[in-house]
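Trainee: The chain contents come next:
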Amino acid sequence: DSGVTQTPKHLITATGQRVTLRCSPRSGDLSVYWYQQSLDQGLQFLIQYYNGEERAKGNILERFSAQQFPDLHSELNLSSLELGDSALYFCASSVAPPGSGANVLTFGAGSRLTVL
Amino acid sequence: AQSVTQLGSHVSVSEGALVLLRCNYSSSVPPYLFWYVQYPNQGLQLLLKYTTGATLVKGINGFEAEFKKSETSFHLTKPSAHMSDAAEYFCAVTGAGGTSYGKLTFGQGTILTVHP
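Protein chains in written order, with our numbering: chain C, 699 to 814; chain A, 769 to 884.
Simulated from the structure, these hints should not be mistaken for laboratory data.
Among the clues, some could well be false.
Computed far set for chain C versus chain A, every beta-carbon distance over 10 Å [to be verified]:
1) T705
2) V717
3) G726
4) Q765
5) D769
6) E773
7) S777
8) G782
9) S784
No more than 30 Å apart at the CA atoms, straight line, and that leaves these computed lysine-lysine pairs for DSS-like [said to hold, decoys possible]:
10) A:K826 / A:K837
11) A:K836 / A:K826
12) C:K707 / A:K817
13) A:K837 / A:K817
14) C:K707 / C:K755
15) A:K837 / C:K707
16) A:K817 / A:K836
17) C:K755 / A:K837
To be clear about the criterion: a stretch of chain A counts as covered by chain C if any three or more of its residues have a C-beta under 8 Å from a C-beta of chain C, and this derived list gives those stretches [unchecked claim]:
18) 812-822
19) 873-882
Just so it is clear, CB atoms sit at the ideal spot from N, CA and C, and this is done for glycine as well.
Next up, chain C with everything else stripped away, as it sits in the complex (with noise of 0.2 Å):
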């Protein structure tokens, strides 16, 4: 158990609808990443968030949005889901804030999104 926790582990849905994936970083952790891992992607960074405020974003398409709570657990918002959707979603943290050197991620185990 890294210590990071994703719910749920596993989704499946149909095309147009809309999920909500779910982070709680592991303790002490101000900073969350999520990352998209598919086949034909492999493992794209989406977007940081640093104590509740957005950091850096990445290949985050305009349908996905995130937000970090004050308890600092995380959620990303999948919208209008399409079949490229499908993909395994980590959620990583780690203790320093961006610029502060170099920082070790710990990963969740990770959401499987299949859109059908």
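Got chain C; can you put chain A on it based on the hints?
Mentor: Just chain A, lined up with the frame of chain C:
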């Protein structure tokens, strides 16, 4: 900007043989380099990292990697493969500066198969 190229999407070795997984990076700033391992249905686990200092880095499970700036490489090795090493391995880079801290850019991954 950073990028990572892992040479060989699949590597197969016999138990007890040398493991060599190749990684080349591109970075416009001094890089921080990482190797992560992903076992089936699990998240990514840090094997080792290079930040500054000694260019030969030792990690968990007997793995090590050497940072070679002149070759822009960070190859992962293990003298003797074990069946339990079978997994997918990811090389990753982040830049030593700005908002790139912590935002890992991953290679496409190398699946390691170990034969008895």
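Trainee: Taking the hints in turn, state whether each one holds.
Mentor: Hints and how they fare:
With a minimum CB-CB distance of about 13 Å to chain A, C:T705 clears the 10 Å threshold, and the non-interface call stands. Distance check for C:V717 against chain A: the nearest CB is about 19 Å away, which clears 10 Å, and the non-interface claim stands. Once the 10 Å rule is applied to beta carbons, C:G726 is consistent with being away from chain A; the minimum gap is 15 Å. For C:Q765, the requirement that its beta carbon stay farther than 10 Å from each beta carbon of chain A is met, with the minimum near 18 Å.
With a least CB separation of 21 Å from chain A, C:D769 remains clear of the 10 Å interface cut-off, as annotated. Residue-level check passed: C:E773 sits 18 Å from the nearest beta carbon of chain A, beyond 10 Å. With a minimum CB-CB distance of about 24 Å to chain A, C:S777 clears the 10 Å threshold, and the non-interface call stands. In this structure C:G782 is separated from chain A by more than 10 Å, as the shortest Cβ-Cβ distance comes to about 18 Å.
The Cβ of C:S784 lies farther than 10 Å from every Cβ of chain A, with a closest approach of about 16 Å, so its non-interface assignment holds. Our distance criterion of 30 Å between C-alpha atoms is met by A:K826 and A:K837, whose separation comes to about 17 Å. Proposed proximity of A:K836 and A:K826 is supported: the alpha carbons are some 15 Å apart, at most 30 Å. For the hint linking C:K707 to A:K817, the alpha-carbon distance of about 28 Å falls within 30 Å, and the restraint holds.
With a C-alpha separation of about 15 Å, the suggested pairing of A:K837 with A:K817 holds against the 30 Å cut-off. Under the criterion of a C-alpha separation no larger than 30 Å, the hint pairing C:K707 with C:K755 is consistent with the structure, at around 24 Å. Simply put, A:K837 and C:K707 have alpha-carbon atoms about 40 Å apart, too far for the 30 Å limit, and the pair is violated. Between A:K817 and A:K836, the direct Cα distance comes to roughly 14 Å. Compliance with the 30 Å bound is thereby established for this hinted pair.
For the proposed pair C:K755 and A:K837, the alpha carbon gap of about 28 Å is at most 30 Å, so the pair holds. As drawn, the segment 812-822 of chain A meets chain C at 5 residues by the rule of a beta-carbon pair under 8 Å; at three or more, the given contact holds. For the segment 873-882 of chain A, the proposed coverage by chain C is satisfied: 5 residues have a C-beta within less than 8 Å of a C-beta in that chain, meeting the threshold of three.
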